[in-house]
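The task is simple: from the sequences and hints, build the whole structure.
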Amino acid sequence: AQTVTQSQPEMSVQEAETVTLSCTYDTSESDYYLFWYKQPPSRQMILVIRQEAYKQQNATENRFSVNFQKAAKSFSLKISDSQLGDAAMYFCAYRTDSFNAGNNRKLIWGLGTSLAVNP
Amino acid sequence: NAGVTQTPKFQVLKTGQSMTLQCAQDMNHEYMSWYRQDPGMGLRLIHYSVGAGITDQGEVPNGYNVSRSTTEDFPLRLLSAAPSQTSVYFCASSPTFYREHEQYFGPGTRLTVT
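Chain order of the listed sequences is A and B. All residue numbers for the first sequence refer to my numbering, where the first residue is 1 and numbers rise by one. All residue numbers for the second sequence refer to my numbering, where the first residue is 1001 and numbers rise by one.
Hints in this document: simulated from the structure, not taken from any laboratory. Any given hint might turn out to be false.
[Said to hold, decoys possible] For each label pair, taking beta carbons as the anchor points, the in silico distance ranges come out as: (1) Gln1017/B - Asp81/A: 43 to 51 angstroms; (2) Ser12/A - Gly1053/B: 45 to 53 angstroms; (3) Gln57/A - Asp1026/B: 33 to 41 angstroms.
Every residue gets a Cβ at the ideal spot worked out from N, C-alpha and C, and that includes glycine.
Put into structure tokens, the structure is as follows:
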């Protein structure tokens, strides 16, 4: 079974600096998606960035980028020029892309990393 | 577009009471799902629906019922509330089952069962 592990329950960063959140996963599949979701105090889950496993190029969305290491099964999120509005829980998630997965296509979630941004 | 809306935002129930958490989306999405979020346990899928009239169980379906009579609405019913159902509940939707990774989440409902 697939698992997602976020080893840092809490992180903090100074405003305008860079922080990296870690995520590792375990799977025997070759086709899958990986995601980072942000959950601010409002509690609404917001998709930050996604990565298709077949793509070698790391995904980037403005100040957010990932370091996807498929062989190491690692998927870290880098936030550059951190802003106060980046303070939130960040969740890493995995989903198979296998057409045969049927009901097992659900998202598998890590437990989250709470990020504080200090002014 | 309002996106995904959930009502109520907060609810307190007594053990044994029943209630329905409402979820609606105005994006004509086929796929809708319900999650619960508990401290230290991440998000867990309760039920999901791949289209009107079709529902299926997720990881933790016991104690909950769902129906999908329209594309827009996907209510979650607690049949007889228990303290173990104290949680934050999220509804989500995506265009299709195979685009689940593009899910839009609602703002959540915080439920306390005493």
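Here is what the structure says about each hint:
1. Gln1017/B - Asp81/A: 43 to 51 angstroms: holds (48 angstroms)
2. Ser12/A - Gly1053/B: 45 to 53 angstroms: holds (48 angstroms)
3. Gln57/A - Asp1026/B: 33 to 41 angstroms: Between glutamine 57/A and aspartate 1026/B, where Cβ atoms are some 34 angstroms apart, the hint holds.
Going through the hint list in order, the structure satisfies each hint without exception.
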